[in-house]
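Trainee: Keeping the supplied structure of chain A fixed, place chain B upon it in accordance with the hints.
2 protein chains.
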Amino acid sequence: MMGKKLTSRAEDYSKWYNELVVKADLAENSGVRGCMVIKPYGYAIWEKMQAALDKMFKDTGHENAYFPLFIPKSYLSKEASHVEGFAKECAVVTHYRLKNAEDGSGIVVDEDAKLEEELIVRPTSETIIWDTYRKWIQSYRDLPLLINQWANVVRWEMRTRLFLRTAEFLWQEGHTAHATEKEALEEAEQMMHVYADFAENHMAVPVIKGTKTESERFAGAVETFCIEALMQDGKALQAGTSHFLGQNFAKAFDVKYATKEGKQDFVWATSWGVSTRLMGALIMTHSDDNGLVLPPKLAPIQVVIVPIYKGMEQLEAISEKVKPLVGELRSKGISVKYDNRDTHKPGFKFNEYELKGVPVRLAIGQRDMENGTFEVARRDTLEKETVPAEEVVQKIEGLLEDIQVQLYQKASSYQQENITQVETYDEFKKVLEEKGGFVSAHWDGTMATEDRIKEETKATIRCIPIAVKNEEGTCVVTGKPSPYRVLFAKAY
Amino acid sequence: MMGKKLTSRAEDYSKWYNELVVKADLAENSGVRGCMVIKPYGYAIWEKMQAALDKMFKDTGHENAYFPLFIPKSYLSKEASHVEGFAKECAVVTHYRLKNAEDGSGIVVDEDAKLEEELIVRPTSETIIWDTYRKWIQSYRDLPLLINQWANVVRWEMRTRLFLRTAEFLWQEGHTAHATEKEALEEAEQMMHVYADFAENHMAVPVIKGTKTESERFAGAVETFCIEALMQDGKALQAGTSHFLGQNFAKAFDVKYATKEGKQDFVWATSWGVSTRLMGALIMTHSDDNGLVLPPKLAPIQVVIVPIYKGMEQLEAISEKVKPLVGELRSKGISVKYDNRDTHKPGFKFNEYELKGVPVRLAIGQRDMENGTFEVARRDTLEKETVPAEEVVQKIEGLLEDIQVQLYQKASSYQQENITQVETYDEFKKVLEEKGGFVSAHWDGTMATEDRIKEETKATIRCIPIAVKNEEGTCVVTGKPSPYRVLFAKAY
Numbered sequence: 001m002m003g004k005k006l007t008s009r010a011e012d013y014s015k016w017y018n019e020l021v022v023k024a025d026l027a028e029n030s031g032v033r034g035c036m037v038i039k040p041y042g043y044a045i046w047e048k049m050q051a052a053l054d055k056m057f058k059d060t061g062h063e064n065a066y067f068p069l070f071i072p073k074s075y076l077s078k079e080a081s082h083v084e085g086f087a088k089e090c091a092v093v094t095h096y097r098l099k100n101a102e103d104g105s106g107i108v109v110d111e112d113a114k115l116e117e118e119l120i121v122r123p124t125s126e127t128i129i130w131d132t133y134r135k136w137i138q139s140y141r142d143l144p145l146l147i148n149q150w151a152n153v154v155r156w157e158m159r160t161r162l163f164l165r166t167a168e169f170l171w172q173e174g175h176t177a178h179a180t181e182k183e184a185l186e187e188a189e190q191m192m193h194v195y196a197d198f199a200e201n202h203m204a205v206p207v208i209k210g211t212k213t214e215s216e217r218f219a220g221a222v223e224t225f226c227i228e229a230l231m232q233d234g235k236a237l238q239a240g241t242s243h244f245l246g247q248n249f250a251k252a253f254d255v256k257y258a259t260k261e262g263k264q265d266f267v268w269a270t271s272w273g274v275s276t277r278l279m280g281a282l283i284m285t286h287s288d289d290n291g292l293v294l295p296p297k298l299a300p301i302q303v304v305i306v307p308i309y310k311g312m313e314q315l316e317a318i319s320e321k322v323k324p325l326v327g328e329l330r331s332k333g334i335s336v337k338y339d340n341r342d343t344h345k346p347g348f349k350f351n352e353y354e355l356k357g358v359p360v361r362l363a364i365g366q367r368d369m370e371n372g373t374f375e376v377a378r379r380d381t382l383e384k385e386t387v388p389a390e391e392v393v394q395k396i397e398g399l400l401e402d403i404q405v406q407l408y409q410k411a412s413s414y415q416q417e418n419i420t421q422v423e424t425y426d427e428f429k430k431v432l433e434e435k436g437g438f439v440s441a442h443w444d445g446t447m448a449t450e451d452r453i454k455e456e457t458k459a460t461i462r463c464i465p466i467a468v469k470n471e472e473g474t475c476v477v478t479g480k481p482s483p484y485r486v487l488f489a490k491a492y
Numbered sequence: 493m494m495g496k497k498l499t500s501r502a503e504d505y506s507k508w509y510n511e512l513v514v515k516a517d518l519a520e521n522s523g524v525r526g527c528m529v530i531k532p533y534g535y536a537i538w539e540k541m542q543a544a545l546d547k548m549f550k551d552t553g554h555e556n557a558y559f560p561l562f563i564p565k566s567y568l569s570k571e572a573s574h575v576e577g578f579a580k581e582c583a584v585v586t587h588y589r590l591k592n593a594e595d596g597s598g599i600v601v602d603e604d605a606k607l608e609e610e611l612i613v614r615p616t617s618e619t620i621i622w623d624t625y626r627k628w629i630q631s632y633r634d635l636p637l638l639i640n641q642w643a644n645v646v647r648w649e650m651r652t653r654l655f656l657r658t659a660e661f662l663w664q665e666g667h668t669a670h671a672t673e674k675e676a677l678e679e680a681e682q683m684m685h686v687y688a689d690f691a692e693n694h695m696a697v698p699v700i701k702g703t704k705t706e707s708e709r710f711a712g713a714v715e716t717f718c719i720e721a722l723m724q725d726g727k728a729l730q731a732g733t734s735h736f737l738g739q740n741f742a743k744a745f746d747v748k749y750a751t752k753e754g755k756q757d758f759v760w761a762t763s764w765g766v767s768t769r770l771m772g773a774l775i776m777t778h779s780d781d782n783g784l785v786l787p788p789k790l791a792p793i794q795v796v797i798v799p800i801y802k803g804m805e806q807l808e809a810i811s812e813k814v815k816p817l818v819g820e821l822r823s824k825g826i827s828v829k830y831d832n833r834d835t836h837k838p839g840f841k842f843n844e845y846e847l848k849g850v851p852v853r854l855a856i857g858q859r860d861m862e863n864g865t866f867e868v869a870r871r872d873t874l875e876k877e878t879v880p881a882e883e884v885v886q887k888i889e890g891l892l893e894d895i896q897v898q899l900y901q902k903a904s905s906y907q908q909e910n911i912t913q914v915e916t917y918d919e920f921k922k923v924l925e926e927k928g929g930f931v932s933a934h935w936d937g938t939m940a941t942e943d944r945i946k947e948e949t950k951a952t953i954r955c956i957p958i959a960v961k962n963e964e965g966t967c968v969v970t971g972k973p974s975p976y977r978v979l980f981a982k983a984y
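If you read the sequences in order, they're chains A and B. The working numbering applies: residue 1 is where the first sequence begins, and numbers increase by one. The working numbering applies: residue 493 is where the second sequence begins, and numbers increase by one.
Be aware that a few hints might be false.
Have a look at the derived ranges for each label pair, beta carbon to beta carbon [as the list claims (entries may be wrong)]: (1) D254/A <-> P880/B: 50 to 58 Å; (2) R833/B <-> K15/A: 56 to 64 Å; (3) D834/B <-> V326/A: 47 to 55 Å.
Just so you know, the hints here were simulated from the structure itself, not pulled from any lab data. In this text the structure is predicted, and so the values were computed from the model without any measurement. Just so it is clear, CB atoms sit at the ideal spot from N, CA and C, and this is done for glycine as well.
With the rest of the complex left out, here is chain A (with noise of 0.2 Å):
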């Protein structure tokens, strides 16, 4: 199952991926075209992500809800851009059931169990949840709404990659509806700081937050809010938008309300949501050319000790020694796994467990149960020391606390050395095709100009950054006025 060594991210950054995810036990293609499995290992991950998000979704005023599997297809027509976005690549289910073929080949599709009107598998929500709305939402009084759905999507990709862009994918998605305009907006926006929270705070992933343009907008959107990640090869990547959607569902869906008083207006909403992609941002950023690295606030197993030992009364002796500290750990809230599988040796667990970046490792044997004390090692910068057992526990808290904000500080050096200002469209081309990264640029705001950059470099613009300061300046293409600068990169 270990096999022979990871493919090195100098080597080549896209494999290296490809073989961690599939190595450290996080998830493998599925006999389904584009659909992945989403192993144990992985989902342990995937579920601290969600317990997190969750509490701070609640902690916000959301509640969840789950709204239907499939959208007509004359739901999606609704909205004119939305339909525009998402009737491109999706799932149709047309019929509703299957009969042993007449020839006896096997099953078929009846063709008699045609649908009348052909359902589409949800590629996100909005439709469905905006004609139900329409019943739920009379007065001001049943305003705000706000609700939260964990569900899975399909959007039928052509080309796929685990975590990062898969036909079905799990994912949360709030939707929300207001009485005003301001108020909406103040929730799309809060939506993108608790993203940014938990990025920053949980996955330990710096993000820059910002607005899309109106190219990379959501379909359906008058603004989106977005937290956007750099990866380490220098590609940028989506982490979570956030989307503030004016009076365009409403009108769609005729979803009006009472004010206090007493005219009809339209209700103001928002979406957002982040998705399993989180997994592939929190690989790429950390992890290293030995295997996965893992925030101990995400990890599912956060110290691993392996006995090293000759002969049952060796492991013996050491498992009396260890159960006591795993017992005092687990009542800190540390989760803990004691290896005493006598099926593999020290050394093939040592590589596993770096593999699948569990962040400390303890291991003792015969002399430190002379010397009553452990090895102690960290998964991030793989340093290891002698500790006296009676130091041990302190030394774990400690080390899972410097842990999380280490790879937080270190990403954070990174992100913020690759962000590059650039003055010419020379300097431009060049920054990204040698250094990668954010480049930092004046651009004349139109469209034209963005799609011809495109083109050009593959470089879009990520987002105009919240933090943006107001300076003067010429476009870098056009040579014409810009307000500010926006960030441009390669992404995911």
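Mentor: Below, chain B alone, put in the same frame as chain A:
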């Protein structure tokens, strides 16, 4: 939203159920035929069920994972009896793209984007999972494989009812692989006990554990274990099933392992599941003509506090009095809502929380403020009493425990009173018609007799109880010998 009173159970049990589900804000029908929307209050109950079950699964050594939504048509055919059971009513994906109609009439299916092989939206995941397990299992060291999945599934039911029978529903499905027949059988039986434990100790729903007859068995199983509950209208409801699959799926998907002795052998399997159908069982077991009744362990709001006041000054004084109580209850892990909305009168709020089944309601008005008391009401018996403020926390803790126990005992007495032993087919039909419930009868063990009884009375064999007493007798229909009684009932 509250509207007029519920239809009573005596008047029309089925209508009572449908109204209650909608009026208590649990679920409603969507614009997609047969698919429900689970509303926030209903979903909050489901989340509590999930959390409790998930912990029980993990405590018994299982891990979660995620497998694709879609199943290639050919996979379904690989296990002969499985395809017979599941190919009939399923959603079939035939295309992967929509396009604008040439006549401008809207969007239509793009016939150029037809799948080479149709995909089935999973009705259950044995086939896709066993196709994956072939890659995961090589040796006895890889066993047992103990995996669970939380997912949505689709079965194209023609007649649907909220929670009880819907085209799409949410569930969990466990899929385990074992080296020996004995171990797999023990696993299947263990999960039946886990389900019974959950039903009885969390849902307060007494169940009868048993095995299914051949005709009621899961398609592809060698043995199906089940838990059966009894609803207030005398109909049974299958609340969970656990299947011993023998080597059927291992053989269909060629999943072999190397034994310790180095031989190749097929793997032994189980699968087991419970679904949002449990919501239906929960609702129908405890609720009354005033609305929902919830066991405290699954109630999203365990205690609601309603202030009775005139003017803001009185409200503020009450709020000040209530605040530390709310804090104290929360610190004890009790979920409490203080409903100080000034848009609704206390009477409206009382009705609302009664309808929604909040186990304990506190009210506090001017007289209580003067006397230092609260009015405490319990939802199950509707009893009220006045309690001194200093005793109210203890009172609430006691009530929450007592309601949980009383609900179970009441349902348990009802169940026991409604298991009727009969000796003749006339008696059988009379009891079924006039009393309902479980009919305990001798049966000759043949499918022909079982079919005849079903046709003539609509009753099916719910289970052969695990706690069966060996008792020689004769079949009520054919007079042939029978070794023990089985339980018949009309069922949901």
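Trainee: Given the hint of 50 to 58 Å, is the C-beta distance from D254/A to P880/B inside that range or not?
Mentor: At roughly 53 Å between Cβ atoms, P880/B and D254/A fall inside 50 to 58 Å, so the hint holds.
Trainee: Is the gap between the beta carbons of R833/B and K15/A within 56 to 64 Å?
Mentor: holds (59 Å)
Trainee: Holds or violated: 47 to 55 Å for the Cβ distance of D834/B and V326/A?
Mentor: For V326/A against D834/B, whose Cβ atoms are near 54 Å apart, the range 47 to 55 Å holds.
Hint check: no violations occur; every hint is consistent with the structure.
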